[in-house]
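Work out the full structure, taking the sequences as your base and the hints as a guide.
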Amino acid sequence: SICATCPVLSQCTESKNHQKMIQRHIWQDYLDVAEDLRHNHEIKEIYGKRKETIERVFADAKEKHGMRWTTLKGIKKLSMQAMLTFAALNLKKLASWTWKTPTIA
1 SICATCPVLS QCTESKNHQK MIQRHIWQDY LDVAEDLRHN HEIKEIYGKR
51 KETIERVFAD AKEKHGMRWT TLKGIKKLSM QAMLTFAALN LKKLASWTWK
101 TPTIA
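Everything in the sequence shown is counted per my numbering, starting at 1 for the first residue and increasing by one.
What the hints contain is simulated information worked out from the structure, not anything from laboratory work. From a predicted model like this one, the values you see are computed outputs, not experimental measurements. Do not take every clue at face value.
[As the list claims (entries may be wrong)] Straight-line alpha carbon distances no greater than 30 Å define the calculated DSSO-like cross-link-like pairs of lysine-lysine that follow:
(1) Lys92 / Lys73
(2) Lys64 / Lys100
(3) Lys49 / Lys62
Right, dumping it as structure tokens:
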């Protein structure tokens, strides 16, 4: 094997058969692509807008609509609470758009 004659083998592995085993996660290729995209300038600009859009919605839900904690137990009850909360947020957004949009006579 190539490893057996490597001058830095002792720094790399202590394996008795002079091999280094590298295991990659089944989705590692996808993670590598995501990591490369994360450093892309265009993607950075798009990702930077998250704080103004989707992250803002979650922050409002948490701070203004009781999503920081819950007294409910169970996935069904928590799902219902989340759906009602985000439905209320959507209604607030719709009302805001309606009031800001001039009416056409």
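Hints violated by the structure (listed by number, smallest first): Violated: none.
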